[in-house]
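If you read the protein sequences in the order shown, they are chains A and B. So in the numbering used here, the last one in the first sequence is 459, and the numbering has no gaps at all. So in the numbering used here, the last one in the second sequence is 459, and the numbering has no gaps at all.
Quick caveat, the hints were computed from the structure, so don't treat them as lab data. In this text, all values refer to a predicted model and were calculated from it rather than measured experimentally. There's no promise every hint is true.
Identical chains blur together in the list; that is why a pair holds if it fits in one copy or across any two.
[What the hints assert, rightly or not] Listed below are the simulated EDC-like cross-link pairs for lysine to aspartate or glutamate, each with C-alpha atoms no more than 20 Å apart in a straight line: (1) K366 with E201; (2) K366 with D74; (3) K174 with E299.
2 protein chains.
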Amino acid sequence: MSHNADVIVIGGGPAGLTAAISTRRLHPNKKVLLIRDVETSLIPCGIPYMYGTFNSIEKNIIPDKVLEMNDVRLLIGHVDDIDHEGQILSLSDGSSCAYEKLILATGSKPFNVPIPGRDLDNVIFVTKDKDELSKLRSSIEATKDIVIIGGGFIGVEMADEINKMTDANITIAEMFPRLLINAFDETESKEIEEILAKSGITVRTGSKVWKIKGEGAVESIKFAKGDVIPADLVIIGAGMVPETSLAEKLKMPKNLFGGILVDDHQKTLAPNIFAVGDCCAKISYFDGEQANIMLASVGAYEARVAAMNLYSEGPINPGAIGAFSTIVGGKVYSSVGLTQANAMNMEIPTLSSEFKDSDRHPSAMPGANPTKVRLVFQDDGLLLGGMVSGGTSAGEAINVLASCIQAGRTIQQIAMMQVGTHPAVTASPVTYPIINAAQIGLTKLDACV
Amino acid sequence: MSHNADVIVIGGGPAGLTAAISTRRLHPNKKVLLIRDVETSLIPCGIPYMYGTFNSIEKNIIPDKVLEMNDVRLLIGHVDDIDHEGQILSLSDGSSCAYEKLILATGSKPFNVPIPGRDLDNVIFVTKDKDELSKLRSSIEATKDIVIIGGGFIGVEMADEINKMTDANITIAEMFPRLLINAFDETESKEIEEILAKSGITVRTGSKVWKIKGEGAVESIKFAKGDVIPADLVIIGAGMVPETSLAEKLKMPKNLFGGILVDDHQKTLAPNIFAVGDCCAKISYFDGEQANIMLASVGAYEARVAAMNLYSEGPINPGAIGAFSTIVGGKVYSSVGLTQANAMNMEIPTLSSEFKDSDRHPSAMPGANPTKVRLVFQDDGLLLGGMVSGGTSAGEAINVLASCIQAGRTIQQIAMMQVGTHPAVTASPVTYPIINAAQIGLTKLDACV
Chain A
11 MSHNADVIVI GGGPAGLTAA ISTRRLHPNK KVLLIRDVET SLIPCGIPYM
61 YGTFNSIEKN IIPDKVLEMN DVRLLIGHVD DIDHEGQILS LSDGSSCAYE
111 KLILATGSKP FNVPIPGRDL DNVIFVTKDK DELSKLRSSI EATKDIVIIG
161 GGFIGVEMAD EINKMTDANI TIAEMFPRLL INAFDETESK EIEEILAKSG
211 ITVRTGSKVW KIKGEGAVES IKFAKGDVIP ADLVIIGAGM VPETSLAEKL
261 KMPKNLFGGI LVDDHQKTLA PNIFAVGDCC AKISYFDGEQ ANIMLASVGA
311 YEARVAAMNL YSEGPINPGA IGAFSTIVGG KVYSSVGLTQ ANAMNMEIPT
361 LSSEFKDSDR HPSAMPGANP TKVRLVFQDD GLLLGGMVSG GTSAGEAINV
411 LASCIQAGRT IQQIAMMQVG THPAVTASPV TYPIINAAQI GLTKLDACV
Chain B
11 MSHNADVIVI GGGPAGLTAA ISTRRLHPNK KVLLIRDVET SLIPCGIPYM
61 YGTFNSIEKN IIPDKVLEMN DVRLLIGHVD DIDHEGQILS LSDGSSCAYE
111 KLILATGSKP FNVPIPGRDL DNVIFVTKDK DELSKLRSSI EATKDIVIIG
161 GGFIGVEMAD EINKMTDANI TIAEMFPRLL INAFDETESK EIEEILAKSG
211 ITVRTGSKVW KIKGEGAVES IKFAKGDVIP ADLVIIGAGM VPETSLAEKL
261 KMPKNLFGGI LVDDHQKTLA PNIFAVGDCC AKISYFDGEQ ANIMLASVGA
311 YEARVAAMNL YSEGPINPGA IGAFSTIVGG KVYSSVGLTQ ANAMNMEIPT
361 LSSEFKDSDR HPSAMPGANP TKVRLVFQDD GLLLGGMVSG GTSAGEAINV
411 LASCIQAGRT IQQIAMMQVG THPAVTASPV TYPIINAAQI GLTKLDACV
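Pulled out of the complex, with its shape left as it was, chain A reads as follows (with noise of 0.2 Å):
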């Protein structure tokens, strides 16, 4: 039996399902298929929420129906291997598949970090998989000590929302000296743990696990510097890898943190085989290095210029900008690009500029959060990073920033944009964080007026 197509997608995470609409979209005279080796995909970012806010698995599906309404055909089932020369899938059906165009969207898994029992009984690392985090859920019931290990978002996020659910106590416990040390600076990184704090969440940075005790199950973790605390649940959220294994039977290259190796037209070394998502190299936007970054939203943005370059030459990945929310006890925290910390990594001198107001007017007006606005940016006043935090509508003014930066804006011209505001809905015109940040920003650059 066969299930050939013009282009078949592998993998249905948010990736894959982009690069099959768009291609339909871009490439309507082609037929397109997508294949995933699970009967549900889940929404990723979404897994944290099935805790607590939704207190359902089932909400966080990705519906299928996206996949019909554009004409993309669906096939559960697991690809062997591909013959590259060839053209052909070969399922673990039997089955196979001739495509003209493949695009790899295998995602990623989680890091199998090395601590010391870590196969014990009540250890749950956070995969994609159902049944997995249906198990954690049932796990979370009975428990009355909960450490997690990892304070990047999927830690911070199962926490705060596991709170919801349980009494339990609950532990974060972070190697580095702060939570979400890659996405924010310092000071959102401490306003976040305070916040956690306050809902009774335990924040335990700098604390390396040594190792994961227990006769069976768990019974305590023991940290580096000594200390045991008691734990009958432990969940493990210290990264994710790309899952490469059907890269890996065609030899294909990586890099260095796992990825599979494609140029700027998300092109692998095989020919008419694409890759991208979780499971393909990354650049940065800023410096052109390799970079680990993990986001749907990039994953999404690959897909699209996989599907502009499937027939014909189309746009460049310029490299990852990295654009991405998060929330906190009720508290959207927002960041895009450079923060001070990765500018300075990567040795370029950054100024950043601050300002603070409400996001309604007057504050009065129902549904009014003070929100706070950073701009990061050069000495020449080029933007490389910002981060917004504050109520919900954070998660689109980060997304004014990603845009100013993508268009190479400066903060002289951010100081001068104009926007649209309403007291429902925004900050006041007079006082529109963006806008007022940059402002303070010209006072710091030499070249001001």
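Dock chain B against the given chain A, drawing on the hints supplied.
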């Protein structure tokens, strides 16, 4: 007595405030004085919300502490005349103020629409005056049939808000064939009309008011078509005109719409005198022609341009883009740049594309709203305008498009935009509406892949 200062701003609205604050920030050695002729200044865009949402006028006052915080001196007084050669203002209390630079931000006043009967009792213009607006509040309480003349932002927002505080019949009378004709294309105008109708407001478009009838107080409205409806309160919100009585004393030339003529640095023809906000002439960003745009956000922008140009040649104002949001029946409608109808008037051929989605993902996320993005672009892809409707984050999503227009971005570039997403605050990375609308737009361009 004298109140000398280096820079004097006349007017305490958003443009005046922004001019004063920006001047202090950018020229920290200069003393800045703001003169206004009212004890308290209202947030102009917040005026409709004093009726329903706030149920209070006090909550909509611009706080004077923002002046103190920025070390701007405030003087309540009426400027009678300007000696522009001597660089001295004379006030009606006999005092005077010498200045180096003067910024006029005298704002606007209601267009005195020439309808017979406008002088009857209970016919009230929507001004920015606290006492007038308080009178309106008490009038509403005792009425049965309210007619609002004018279906622009003021009329629509007043109707929506007054409807929250009274059981009276409310009718909007608009002479044009649809509401908000300058701000939105027909689809959105019709949607807004339906929302208003559902909340019990009668919308009469294509209905020019011929006469306001009554003995002493208003009793009915007669339309040009001949029909008559009862009315015991008439609210006139039929546009604003520049307040230029001071400029007239200097014989400053004005544009077609009555705004004080300024160059692209916001300089008037009188030396050392600048004008910003509703009182000054504007051109369109898109064709450089005279434009009748009155928005607090545009005024604040012009104020920032003026502040940068006070003492040396700074950036120019290329014309107003026009970005705004409104909220009707709890739904946000935001717009930026040209509608297709506006573009047609400028003889610019356009295409458009749209995409609908939820503004959270999955759509089961609390606070999720359906959202729609429509893009208006040239046949080479250059973005000219856009519309976002949905939940409150539409107010910032429109600023993503505003920033794209100002950076000269095309839909080819927007389709390849990198953005940040998060389940609780944005649409999904797969279906992010601005990017998907742009990608759909690509398929409409001849130069498509």
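Exercise for review: Tell me, in ascending order, the numbers of any earlier hints that this structure violates.
Suggested key: The structure conflicts with hint 3 only, although it agrees with all the remaining ones.
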